[in-house]
Structure formats: C-alpha cells, structure tokens
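Fit chains U, X and D to the supplied structure of chain R, relying on the hints for placement.
Just so you know, the protein sequences line up as chains R, U, X and D, in that order. Take the working numbering: the final residue in the first sequence is number 216, and no numbers are missing along the way. Take the working numbering: the final residue in the second sequence is number 216, and no numbers are missing along the way. Take the working numbering: the final residue in the third sequence is number 216, and no numbers are missing along the way. Take the working numbering: the final residue in the fourth sequence is number 216, and no numbers are missing along the way.
Don't take each hint at face value.
Which copy is meant is left open, because identical chains are indistinguishable; a pair holds if it fits in one copy or across any two.
[Said to hold, decoys possible] Simulated pairs of lysine to aspartate or glutamate, EDC-like, Cα-Cα distance not exceeding 16 Å:
1) LYS172 with ASP66
2) LYS56 with GLU164
3) LYS112 with GLU8
4) LYS56 with ASP144
5) LYS23 with GLU8
Simulated from the structure, these hints should not be mistaken for laboratory data. In this text the structure is predicted, and so the values were computed from the model without any measurement.
Protein chains: 4
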Amino acid sequence: MFDPENPPELATTGWINADKPLTLKALRGKVVVVTAFQMLCPGCLEHGLPQVKRLAQKFNPEDIVVLGLHSVFEHHAVMTPAALQVFMAEFKWPFPVGIDAPGDDDIPKTMAAYQMQGTPTLLLFDRAGRLRRHYFGRPDDLQLAAEITALAIEDANSPREQAAGIEHKLSRALRTPEHQHHDHGDNHVHGPGCNHEHGHFHGNGHSHAHRHD
Amino acid sequence: MFDPENPPELATTGWINADKPLTLKALRGKVVVVTAFQMLCPGCLEHGLPQVKRLAQKFNPEDIVVLGLHSVFEHHAVMTPAALQVFMAEFKWPFPVGIDAPGDDDIPKTMAAYQMQGTPTLLLFDRAGRLRRHYFGRPDDLQLAAEITALAIEDANSPREQAAGIEHKLSRALRTPEHQHHDHGDNHVHGPGCNHEHGHFHGNGHSHAHRHD
Amino acid sequence: MFDPENPPELATTGWINADKPLTLKALRGKVVVVTAFQMLCPGCLEHGLPQVKRLAQKFNPEDIVVLGLHSVFEHHAVMTPAALQVFMAEFKWPFPVGIDAPGDDDIPKTMAAYQMQGTPTLLLFDRAGRLRRHYFGRPDDLQLAAEITALAIEDANSPREQAAGIEHKLSRALRTPEHQHHDHGDNHVHGPGCNHEHGHFHGNGHSHAHRHD
Amino acid sequence: MFDPENPPELATTGWINADKPLTLKALRGKVVVVTAFQMLCPGCLEHGLPQVKRLAQKFNPEDIVVLGLHSVFEHHAVMTPAALQVFMAEFKWPFPVGIDAPGDDDIPKTMAAYQMQGTPTLLLFDRAGRLRRHYFGRPDDLQLAAEITALAIEDANSPREQAAGIEHKLSRALRTPEHQHHDHGDNHVHGPGCNHEHGHFHGNGHSHAHRHD
Chain R
4 MFDPENPPEL
14 ATTGWINADK
24 PLTLKALRGK
34 VVVVTAFQML
44 CPGCLEHGLP
54 QVKRLAQKFN
64 PEDIVVLGLH
74 SVFEHHAVMT
84 PAALQVFMAE
94 FKWPFPVGID
104 APGDDDIPKT
114 MAAYQMQGTP
124 TLLLFDRAGR
134 LRRHYFGRPD
144 DLQLAAEITA
154 LAIEDANSPR
164 EQAAGIEHKL
174 SRALRTPEHQ
184 HHDHGDNHVH
194 GPGCNHEHGH
204 FHGNGHSHAH
214 RHD
Chain U
4 MFDPENPPEL
14 ATTGWINADK
24 PLTLKALRGK
34 VVVVTAFQML
44 CPGCLEHGLP
54 QVKRLAQKFN
64 PEDIVVLGLH
74 SVFEHHAVMT
84 PAALQVFMAE
94 FKWPFPVGID
104 APGDDDIPKT
114 MAAYQMQGTP
124 TLLLFDRAGR
134 LRRHYFGRPD
144 DLQLAAEITA
154 LAIEDANSPR
164 EQAAGIEHKL
174 SRALRTPEHQ
184 HHDHGDNHVH
194 GPGCNHEHGH
204 FHGNGHSHAH
214 RHD
Chain X
4 MFDPENPPEL
14 ATTGWINADK
24 PLTLKALRGK
34 VVVVTAFQML
44 CPGCLEHGLP
54 QVKRLAQKFN
64 PEDIVVLGLH
74 SVFEHHAVMT
84 PAALQVFMAE
94 FKWPFPVGID
104 APGDDDIPKT
114 MAAYQMQGTP
124 TLLLFDRAGR
134 LRRHYFGRPD
144 DLQLAAEITA
154 LAIEDANSPR
164 EQAAGIEHKL
174 SRALRTPEHQ
184 HHDHGDNHVH
194 GPGCNHEHGH
204 FHGNGHSHAH
214 RHD
Chain D
4 MFDPENPPEL
14 ATTGWINADK
24 PLTLKALRGK
34 VVVVTAFQML
44 CPGCLEHGLP
54 QVKRLAQKFN
64 PEDIVVLGLH
74 SVFEHHAVMT
84 PAALQVFMAE
94 FKWPFPVGID
104 APGDDDIPKT
114 MAAYQMQGTP
124 TLLLFDRAGR
134 LRRHYFGRPD
144 DLQLAAEITA
154 LAIEDANSPR
164 EQAAGIEHKL
174 SRALRTPEHQ
184 HHDHGDNHVH
194 GPGCNHEHGH
204 FHGNGHSHAH
214 RHD
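Looking at chain R on its own, in the form it has when it is part of the complex (with noise of 0.2 Å):
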C-alpha cells in the first residue's frame, strides 16, 4: 500500500543530463520536484515542461532538484529513449530525466508505484523523503514556488511535527479554492492532460485518502 512517509524509489533504466542515475534515496537532505512526462503529450509540452524548467531556472539545484521522469503509458513504439535523447538534446530542458522503467499493462514502474493518472503529473519531495504534493494536470506558477519555498524552510531532519508547522503557516497564507492544497501527496489539479485508463490502480483495495499526520 502506497505510504506517502516512506515512498518508493524512482524505478529507472536510464538518464539523460546526469552523469549517473538519480536516485530519491540520494537527494536526501534537497527538496525534490520530478515531472512526470511523455515526449509527445501536448500537455507536457506546453505546460508541464516549460513549467518545471522555470523552476529550475529559479531555484538552486544545489537545494532544490528538478528532475523529468518519462512515464510512458501510451505509443511506447514512437516514445523510445531514442526518441526522447533527440527530444532533449533539441528543446534543451535543462534538468536530468529519467525513464520511467517499462511495467505491466502499459503503464510504467513509477507510474503505478505513485498511483499517477496521466501526464502531466507533479511530485514534490521534502527533504527526509516524503511525498509532500500530488498534482495531476496544472498547477499555478505562485502556488508551486509557495510550496517549493515552505519545503525549503524545513529542515532535513525535523520531525513530522515541524512539518506540520510549516504546513499550518502555509495552508493560512493561501487561498484554498476547490481544496487546492491537502497536508499530503494526493492532490489532483484537473485540467488538460494525458490520463490513462487506470481501473487497475482502483480495484486494488486501498483508498488514495491515505493520511500521514
């Protein structure tokens, strides 16, 4: 059952703009945004991706990491890593990405592990690891740089309830309209993405209304 505490590890088979692979075990100690992305979702393309490369133009990566994940659940024959170096080396997006390691039914290790509905999606890590937020689809520049910021705050080693602080201050100093923002990974900002059928994530006996504070 998915933990947001305690979340799997990026499951790879390769990268692109890293000397080595990047692994959340890792980056320990950094707050850590990953893009969940496929080539050729316009989504991704006129979003997700441009989205995440202003952060990581923003942010140091000394402390902040962005990195892509090429979570391919659709046209696997056309999106190869073949086709996603030329991709990269072409649009120069100037972070690492991985590739997302191919699973069953279609759908990326990765991808299932986290329970993603499509692309594009958005994961932020704390510093001690945890799955801080969960968006599916496009979330707002301010809002991002807002949560970005209070993971920054935290410390690496704070317990839970420091954490919890922060995320009190923050969830006061924002507006919530339609529940923007939960205390955990599961927030799903709808709008025009690539989704997946994902019955196989549903039958599965857990709920996605796990909690972790």
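Leaving out everything else, chains U, X and D in the frame of chain R:
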C-alpha cells in the same frame, strides 16, 4: 535616516476599496505587500498591477495583505484622486489602494520616505513590520511567491535571528543571478518603469547600503 | 439616417500626434482604420490599442492610415484632453488621435453619428471613403489584416461593383463563424468592452440593417 | 534550375488527415499554404505549427488550402511516419500533412527541390500554382494574412500582369523593414529554426536570385 527595521508609516490622504485607512502599524502580525504605482505608468499597467492582482488572488488576505499605493510624482493635474477612483472601478483591481500624500518637489511623502526610484515599486514587510524587500521594476512571480512564503512562515514575534535563519534558507534555495536578492529592502530590478529624477534623494548624505543584520 | 456609402465626417475638437486636424475627406484615396477608445477602458488598453499599434507598425502609413478617436462617453471629468495627452505620451502610441467632439447626453458626436455601442470600436473605410466594417469588441488580427489588405487592393476610384467583387473573393477566402462579416459596416464582435447605455440610439426609427449593395 | 513560376510538385510517400494524396497540380485554382516542419523541431512546435493552425482556422479550406509537409533532415530514425502519426493525433493539428519523400544526403526530396534552409519553412502558392513566398523562420501573422488575402483576390487564370499589379498594391500597403518581402518566393525571415547544413545546395551553379517578372 531610513531604517528598514523600523520603516516609516504609509502617509496617505485617502483609500479606495477599504472601509477605513490602513496603516502598517495596524497590519502588524501579517505579511504586507505594497505596490507603489501611477495609474498612467505603462510598466504598472503591463506588469506591476497584474502581478499584485495575481498575488492577491493566490494568497489569503487574512494573512497576506496586498495593497496599492498611488504614488504620483508626475502629471499631478491628471492623475488625481477622482481619476484614480475611475481607474480602480473600471479595472476592478481587487485590493485596497491608498493615495500617497503630496510632498515636496512633486514627490509624494511615502515615496520620498522610502527613497523609491519610480514606479512600479514593490515593498515586502514581515509580520513584525520590518521592510524586507524593495524592488523597482519587474521582479518575477516565482521570486515574489518564494519571498512572501518565507515571510509567511516567520512568526509574528520572532526575534531577528529567526528571520535571519529563514532568510538564509531562502537564499540557499534560490539562484542569485545579478544579486537578485539581499537580506533587506534595496533590490532594484531594473526594467521598464517610470523613473523620477531622484537627485534630491542622493545629496542627503546617507547611503542606500543600510543593513540591518 | 446613417449611410455607410457616405458616412459622416469625424467630428473632433483637437488632435495629438498630428500636425493638423485629420479628416476622412482629406484621407480619400487611402484605406483608413479608426479605433474609437477611452483611455481608461480596460478592453481598449488590453486589446484595442495594442492591436491597432500592431496594424500601424505593419502597414505603410502612406497608404493605410491608422487613427485613434478618443470617444469619451463616461467619466468625462477625468478623461480630459489633458489626461489624454499624458496617456499618449506615456504609452507612446504611434498613431494620431483625435478628440471626439462633445455631444448630447454624454455621447460624443462621432460616436453618436456612427451609432457606436461602446469602446473599443473599430471602423474600416475604403479608399473611396465608404465605411466597410464596424466592429465593437475584439476582432482578431488575422481577420483585420485580411480585410485591410482587401481594401488596399481596391482602386481609389473603383466603382461599387469592383468593391463588391473583391468582397466576394474575401468572403469566399474566410471562414464565417457566427456571421463574422457582412458586406458593410455593422459587424459587432461582442466581447469585453465598455458599453454605454444606448437606448437613445434605438428609438429613432432607423434600423441597423442598412445595406448598400 | 528552380523556377518559381513552375515549381516542382510535392514529393511525398504518404499523407495523414487526408483521404488521398494531395498534389499542387490538383489544388490549382486555390491558394496553397505549405509549412515544412519536423515534429521535434522547437521552432515548429512553438511558432510554425500553431501559426498555420490559426491560418487553417481563419481561412476557408475550400479556397485557401493549408498543408503540412514533414520534411525530416535529421534524426530520421526517430521522426518516423509512425511517430508522426502519433504526433498528429495527440496534438490534433487540423490540416493534412504529407511525408516528404526520402532523398539524398539526409535531405528529403521536396525540401531539396525547393532549396529550403531548414524548418519551419512556409511556402505560399497562388491559384495558378506559382510559388509566391518562401519564408524560413518566423514571419508574423499580419504579414501572412495580408499576403494570403492578396493571393486570394487574384483570379485563378489571371495573367502574370494581374498578379504583378496586386503585388504592387500589396507592397505599397505594407511597411518593408529588412526587405520583408519581394515579388517572389525567396524571403528568408531568420529566427530560431532548425537549420541544416546546406552546402550541398549552393555548389550547383544556380542562384537564389531568380526572378520572374
């Protein structure tokens, strides 16, 4: 001499979109964002006002107060309070606006007291009423959202050391192209804006390089 | 009664960015684009004026004359000629602007004569001085460029039949969603704009459905 | 030698969004707009394809035919017909696209025949099948709308003199910064685009400076 630890009160002669006059003193305990603008300044119409509108729509006004300040330093006969009233109503700006009190040499009092170089100018105050940022020109959305969030996380009664600690974390989290930020309120992001002749500011024996920590 | 074949002269009390008063009569032989605006109308600032600026920068002013007309129907005490002068200088609008002459019931004379519904309104005149298009709201750039070009290709002394032939070719070339265009000047593209109460226009016994061919 | 009066036929190996292969010959009588692109060329995604989509949505496809041509000159292993099929379906481009036939030295046949410098390239053909414009890079919307409209007004069987007359009127109507247009198809609007090494074009003893009137 200007002291960002204890900045001057807003000097105003009237308010629009407010039940009663607003003061920094009465807003202690909240984070305060002030945009000083002129209703016929192109940089204010194109950048400054739409940006603080986005901020006002994203942040909770109970906790993060966004204000406008109409600081007219040119064309006084045209940018009158009556004209401002029409401007506010027609454009439906969703935040209170104070009218900067007339001063000497065409420069209104608050503008002079804060040594603003022109419009739009953006000021950020912390919960303790200290001036923490001063931008002239066009800071970007991500930068402001990060800085406002950091201020939102500080306690109202925090000692200066807590603020310094959070500032340290914020400066570690952000890239710093071109001295994008300092610890206090004298960042000037140059870009299209309306400058005034400010010789009268710089012959008065003090420096912009005041620091407070 | 309004006759687009022989439309009324612009009634103005002054000009900015012009050496001398401009008249439709003196501009015969050229295509004339007129945008009627108010300096504090949001739709004019956001759409109408930037659009005619693009037109003025694309088309040759020796052949295609772009004009503004300050048609104030509300807040007269604030949108004065002196205020307009500041507005023109600060925003550097690169075209001449006439001041629509005060009329009855707050509606200026040219605005009334052309039965405009509000601002921004865009009028296109052919080389023979006939009114060929009348838009209220937000026509798009491609539409206007196509229509201006068609008018540019008509001869100055062309009989009405040549114009009809070119109109026929233009209407064949363009899609026509929602009656986007007719053969003359009464297209109203609705969208955000400043409307005036125009009951006083429609009790006077004539119809908008005048035709001229 | 390239003759814009009698330009080469499109050489294609397949079509998407079309019932049957399209040819310039069969389209005689209509104005034809061709954008040559590569599905992973950033300038095509950002500028070229959205622009021709706007054109396709504005002009009547019975009279003004907008086509894409997938002219792959690099990364052939990745930008395959199968990948193009996915790209067209995912992005819902609303116009037919032909696949430029493989040629020598990586340059596909139509691209070579028209001496294109890279992608995006935009070609405008008149009703008589003559090439009238050739842009490499980023022409603007107003320019293209004006030129397409001028071609739409020419008769299908017009003698070259009629076309010259309309071109004259068009060139009088438009400003001409940086030789924005000539009388025929060799305008190169430089800007971000994907260039190929085109040395192999320029050793073949002919000039770009062909003229036809």
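Hint by hint, here is what the structure shows:
{"no.": "1", "hint": "LYS172 with ASP66", "in the structure": "between (22 Å within a copy, 9 Å between copies)"}
{"no.": "2", "hint": "LYS56 with GLU164", "in the structure": "neither (32 Å within a copy, 33 Å between copies)"}
{"no.": "3", "hint": "LYS112 with GLU8", "in the structure": "neither (19 Å within a copy, 53 Å between copies)"}
{"no.": "4", "hint": "LYS56 with ASP144", "in the structure": "both (11 Å within a copy, 14 Å between copies)"}
{"no.": "5", "hint": "LYS23 with GLU8", "in the structure": "neither (26 Å within a copy, 47 Å between copies)"}
This entry does not satisfy hints 2, 3, 5, going by the numbered hints stated previously.
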